[in-house]
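> Chain A is already provided as a structure; the job is to place chain B on it using the hints.
Number of protein chains: 2
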Amino acid sequence: MVIKKYTAGVLQYIPFFYVIWSDDLLSYSEVSVVKKAIEQDKSLDKKEYEYLLTCLDKNTPPSYEVLKNWKNVISHSQVQLIESDTYPLATFSQKMLCHHFGDCPFNAHLKDIEINLGIQPNHYKHLFDIGIVENVVSNFYNPKEIDTILKGDQATVIDGFRDFLKDPIFEWNLKRDKEAFRLHVLKQVQLLAKKGYGAMSYTEPYGGSNNMIGYAAIFENMMYVDGSMTIKFGVQFGLFGGSIQKLGTKKHHDAYLSETGKSNILGCFAMTETGHGSNVRGIKTTATYDKETDSIIIHTPGKNDNKEYIGNALHSTMASVFAQLIVDGKNHGVHAILVTIRDSNHNLTPGVTIEDNGYKLGLNGVDNGKIWFHQVKVPRENLLNKYGNITADGTYHSDIKNPNKRFFTMLGTLVGGRICVARAGLGGAKKSLAIAVKHALQRRQFNDSIKIQEDLLMDYPSHQLRLTPAIASCYVYDVALTHIMKVYSDPKIEDKRKIETQVAGLKSIITWFANDTIQECREACGGKGYLLENQIADLKGDVDIFTTFEGDNHVLLQLAAKGVLSDFTSEFNSAGFVAVLKLLGERIGDKINTINPTYTNNVDTAHLYSAKFHTHAFDYRTRRLTYTVAMRIKDYIKKGVPSYQAFLKVQTHLLALGKAYSVAFAYATFVDFTETIVDQKNKTLFQKLGTLYALHELRKDASWYLEQGYISGTKSKALRQRVERLSTELRPHIGVLVDGFGIPKHCMQAPIAK
Amino acid sequence: MVIKKYTAGVLQYIPFFYVIWSDDLLSYSEVSVVKKAIEQDKSLDKKEYEYLLTCLDKNTPPSYEVLKNWKNVISHSQVQLIESDTYPLATFSQKMLCHHFGDCPFNAHLKDIEINLGIQPNHYKHLFDIGIVENVVSNFYNPKEIDTILKGDQATVIDGFRDFLKDPIFEWNLKRDKEAFRLHVLKQVQLLAKKGYGAMSYTEPYGGSNNMIGYAAIFENMMYVDGSMTIKFGVQFGLFGGSIQKLGTKKHHDAYLSETGKSNILGCFAMTETGHGSNVRGIKTTATYDKETDSIIIHTPGKNDNKEYIGNALHSTMASVFAQLIVDGKNHGVHAILVTIRDSNHNLTPGVTIEDNGYKLGLNGVDNGKIWFHQVKVPRENLLNKYGNITADGTYHSDIKNPNKRFFTMLGTLVGGRICVARAGLGGAKKSLAIAVKHALQRRQFNDSIKIQEDLLMDYPSHQLRLTPAIASCYVYDVALTHIMKVYSDPKIEDKRKIETQVAGLKSIITWFANDTIQECREACGGKGYLLENQIADLKGDVDIFTTFEGDNHVLLQLAAKGVLSDFTSEFNSAGFVAVLKLLGERIGDKINTINPTYTNNVDTAHLYSAKFHTHAFDYRTRRLTYTVAMRIKDYIKKGVPSYQAFLKVQTHLLALGKAYSVAFAYATFVDFTETIVDQKNKTLFQKLGTLYALHELRKDASWYLEQGYISGTKSKALRQRVERLSTELRPHIGVLVDGFGIPKHCMQAPIAK
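Chains A and B, in that order, give the protein sequences.
Numbering of the first sequence is given in UniProt numbering, commencing with residue 1 and proceeding in unit increments.
Numbering of the second sequence is given in UniProt numbering, commencing with residue 1 and proceeding in unit increments.
FYI, nobody ran anything at the bench for these hints, they're computed from the structure.
Hints may be right or wrong, so weigh each one.
Copies of the same chain look alike in the list, so a pair counts if it works inside one copy or between any two.
[Said to hold, decoys possible] Capping the alpha-carbon separation at 16 Å, the derived lysine to aspartate or glutamate pairs in EDC-like fashion look like this:
1) K370 - D356
2) K35 - D112
3) K35 - D45
4) K195 - D619
5) K717 - E707
6) K717 - D701
7) K111 - D495
8) K638 - E65
9) K745 - E355
10) K95 - E259
11) K125 - D399
12) K36 - D57
13) K291 - E381
14) K251 - E381
15) K46 - D455
16) K649 - D23
17) K405 - E292
18) K370 - E533
19) K195 - D153
20) K144 - E39
21) K111 - E381
22) K195 - D552
One chain only, chain A, in its complex shape (with noise of 0.2 Å):
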């Protein structure tokens, strides 16, 4: 028979060496691991040892009918492969020795093989025509392990509130009539309040506990429910609630801080109109400084500049209304300014006009409303004072005398928002792929016709390329977010400009991560992700606004741009066309960056997978982008064309730099995260996401790279290799690593993914 071919020595590594070649994925440092290996082994014999390295020659591969004579050889074997064995290549190696020589120690030297070059069952169970013992999932890691990593200093506040989930009211429902919809979600919310959740960002004397990072948390925790509840919370406790504490002083606090965090207050935040959205600075609404009644008067002038899309409008008492504040005839800019706009009987107060927005794609359990102000009268202590103030004597003061520097002051406050909005849309992709990744471990379909049992979905590499780099994704976004929020909310640093910029970019590329995942997810379960009872339909309505609410990604990635265009020193949100341009001409010369030709056609793993080549690679297309913008927007100046015109024109190529920039930022506080994993086993589990992450990202722009010539043609292939086999070698943790997301089992109620 073709075994007598083989001493003991030679046929443990065959299974080894047929797997190695039946794939064309076999690098120089993969080589190098085989061939130290081996050179290790002393218990190979001269001959042995001499006749396996012939065959690790990548310029002498070994012939089709040498392999086809190892398969054989492995198929005779009459020995099961084990996928639950820890090492399950070098234990099948072991038996097979045991069954045709009778002795079998076990050889350390193939587990490192097997260790260190990455190989699954999954790789190579289907290449052998023997008996397989499979096993669904691996539990190599361990969920909970995996779950705490991500919760960090926030375990105790995110378990507490998981466990709360479990109240009956927040069982998922069928919700078709807004009215009841928005009732059902009002009752939530006050129980959310009466817990303490509502005013848990809020400091001590006001019933809160200063915790940002943990709100952020259970922000997300609370998309598991539903998106309306989050999004109600949010207006309520962040919005509403966010405007006094931030915008308002001790008075406005003492006043309404504590009420409002119990939900006692219902309040909404009243700043975007018909007519302007995105362009907040240009709202039309007037609040006029009366000096005889010592008021002020909000006011909506014209047909379009109602407040819109106003959430809680319907249920609040009260609301931070944003309008031009106009003192002495003067106009000081946009301001924030408390009305009551319904008495206690919830009838709407004398020149109020709210009306209801109706139906909407998602999130129908929120009551967006337009508001209508006909010369309402408020008194003076209701301007929220931070920035500006109008004093007893009726005159405006504040300590920000440039009136664009106070606007974005004002706004940076959203910035906590816009955080918590990227978190629930991560909250929703989290969720969407776990329903996917749970009906893909149960579903079959299709198989080859000698097979009495189909394929599970999950077993089929389309549908793990689908899924698993959005899962690294989402690991990375979390570690991401969290540090944001870290950042945001410490104390310390006073100057959050450069925090501003990456928030608006981060948003942006999560809330579209989010949604494209989610749409990703409904079809990977085909009909069944289309059935609201399997809560992926839900989620893809719900998420969908996330791009376009608390600002709209597209300018929110300009505005990213122009960050780095100003190196983060010009005001956020701010056109700022000319102070960015004044810094381009100072900073340009440091943004070159030359390629390094050592990198342009490394296709080694060892390289392809290590970080510092993802982050050069995220680097310089940062710093390229922002040289290459910066020199178009110059040279149009030059020429003449105004500096408006000239940012118009390179729209495009600022929103490229904004999404690069906010990629690159998100990988390096990954990487640096996973630095601080104690335990060796879940750090390299949280590299190799990472790695997928990177190199996913980076095929996203393959094109730029090679046009710049970063990467060479063999390297961009290599790179689409790499995520397909990270994809296939991810997949017996593939449960695990959506178990990891710690989704609360009673929120996870689709039949589809039970």
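Chain B alone, transformed into the frame defined by chain A:
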């Protein structure tokens, strides 16, 4: 003053030169256009001629000082730019001469430059500091002419149908309750039937006009009303009626077809099972012939073997049930049998159980349900016996001996439905684009600080890039679908296997395109797009499932790829690995294609805009992917990997091939079509739309073309720039382009689109 330096002959060219040099898009063919005009301009003296030529040298572009001086000259002219002039820039030049020199004949050479370079006011109006008379939409093209071109020989049918849609029953209304919604949709379908639209594709004896092409066209137009109506219509007349028409014989036609066309019989198409969606061949429902009673017994054997997601299930009295036909203990494979599921009182017949599928992400006006059969007995005559019959003596007979071939012949009858689904998706994309464009032509946001009026959304380059290539794609896909339906319904073509492959591919790329487009339109309309009243939200929910039903896109693309691999000779839908591989051996040699090196670096406009280049590139990609995937499969097989596993391993490669082939096919069809347009003006417009589609598609795969060395980095960048430029160039016509879709005014009732 600066002006003194220029003679009249030179001065008239200065606006053109400034526009040309302010962007860096000047290619050799563009230089030659300008050169040619100057050479033919006999009014120039030798000195003027030579000066102008020096201004065109790409190697020594004019200095910034010269450019700024030109700009000053233009600004000082005190001439207004009238966008609605037929040749705005040439006319502007003429007026400038008038102003400075008094004398000013219209110079036809300037006009030629303007036309041949495709210069549009929105390219340059921002560059000049002059008065501008804006023109939101040009009337250069006529939407009715465009619509007529698309309607082709179905104009009468389509116009009649669109007019009929004025009936108040088709008005948009909010529908939250599925019961009310379903009843309303049922009434709509019954009215459509009454007017003869249901039977349209049947032959004359059964109330139709045998017009499948017209049927598909009105199917698309139904989407302008409502997705649920469209799909229920398709289930009743296309799937249920179609199964009788195509799988049944005269006795079935006579008994049921006319009544089905009139909707006097309501029927459903019971194929999919809970356990078997994509893998139809694996369905478990049995149809066992009982010789004693000469009847067929329909039975659901197991837990997940019920019929699932069956449209019309709650309203139907009959069902075409697909089941494994067992005669005399032998399974003859999947056949369709007519089963009466409800009696005249609408009570379920004995043994039949039906359950509502409940609420879905969209299409809630379609009554989807699950159906179980418990030993349901129907007469032998109910077997739809065109391809397989049970004779009076109780033996099975079929003219198609190969059960595999028989199965795929039956499934082939579904292909018409796939074309219709793609058409409906396209209708959804068109309507959402029309809404988004109309909104963007009214909505203003942000401005240059020196301007009072804010800019129209449609004037932002990023907005143009988001919407314009999608509009161009609609035109290409419209033509491709009309073409494929013509070929499909041509009785002269007997072997439909190639068409089936093409339809599988087109259905996939078009339904994905539709989803992406609707999403982009939702976001492009901001919060307004999220309101149900603006009708994008419904389209989003309805069209979503089009990627899954009538064949999951991932499955269909693999079928398309296998079709290409086997050169369309294997059975449609077949796993058919062995057949494919046998053919590969014979054909691979032909498929190799070398890269034409002259193409790699050619960034000349004439080349980039030529259909010859696009076609070559698309064909190259299809052939190359065919070759490489075939080589990979062969390689795996040679190494002993079983063929099923080899195909699995190249799954993502197959998906890429399926897409590439479909894009190439759609574009080739469109190019052929443009050749038939008689009117030169519209022909040029269609060609430009085709070019935008082609360049946009090439850009999506730019990384692949770069990896292959098919295009250089410079050419890749040029493709991107050209996509942006064409999108801007079509800006003045964008309103006309969406009006060209012919969506009736009475179906465009979204408040933001009025």
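> Taking the hints in turn, state whether each one holds.
Status of the hints after comparison with the structure:
no. : hint        : verdict
1   : K370 - D356 : within (6 Å within a copy, 38 Å between copies)
2   : K35 - D112  : within (11 Å within a copy, 70 Å between copies)
3   : K35 - D45   : within (15 Å within a copy, 79 Å between copies)
4   : K195 - D619 : neither (45 Å within a copy, 64 Å between copies)
5   : K717 - E707 : both (14 Å within a copy, 7 Å between copies)
6   : K717 - D701 : both (13 Å within a copy, 13 Å between copies)
7   : K111 - D495 : neither (52 Å within a copy, 56 Å between copies)
8   : K638 - E65  : between (68 Å within a copy, 8 Å between copies)
9   : K745 - E355 : neither (39 Å within a copy, 28 Å between copies)
10  : K95 - E259  : neither (70 Å within a copy, 69 Å between copies)
11  : K125 - D399 : neither (70 Å within a copy, 42 Å between copies)
12  : K36 - D57   : within (14 Å within a copy, 61 Å between copies)
13  : K291 - E381 : within (13 Å within a copy, 92 Å between copies)
14  : K251 - E381 : within (9 Å within a copy, 86 Å between copies)
15  : K46 - D455  : neither (44 Å within a copy, 79 Å between copies)
16  : K649 - D23  : between (47 Å within a copy, 9 Å between copies)
17  : K405 - E292 : neither (30 Å within a copy, 91 Å between copies)
18  : K370 - E533 : between (32 Å within a copy, 15 Å between copies)
19  : K195 - D153 : neither (21 Å within a copy, 68 Å between copies)
20  : K144 - E39  : neither (39 Å within a copy, 78 Å between copies)
21  : K111 - E381 : neither (74 Å within a copy, 65 Å between copies)
22  : K195 - D552 : neither (33 Å within a copy, 46 Å between copies)
The structure fails to meet hints 4, 7, 9, 10, 11, 15, 17, 19, 20, 21 and 22 from the earlier list, while all remaining hints are met.
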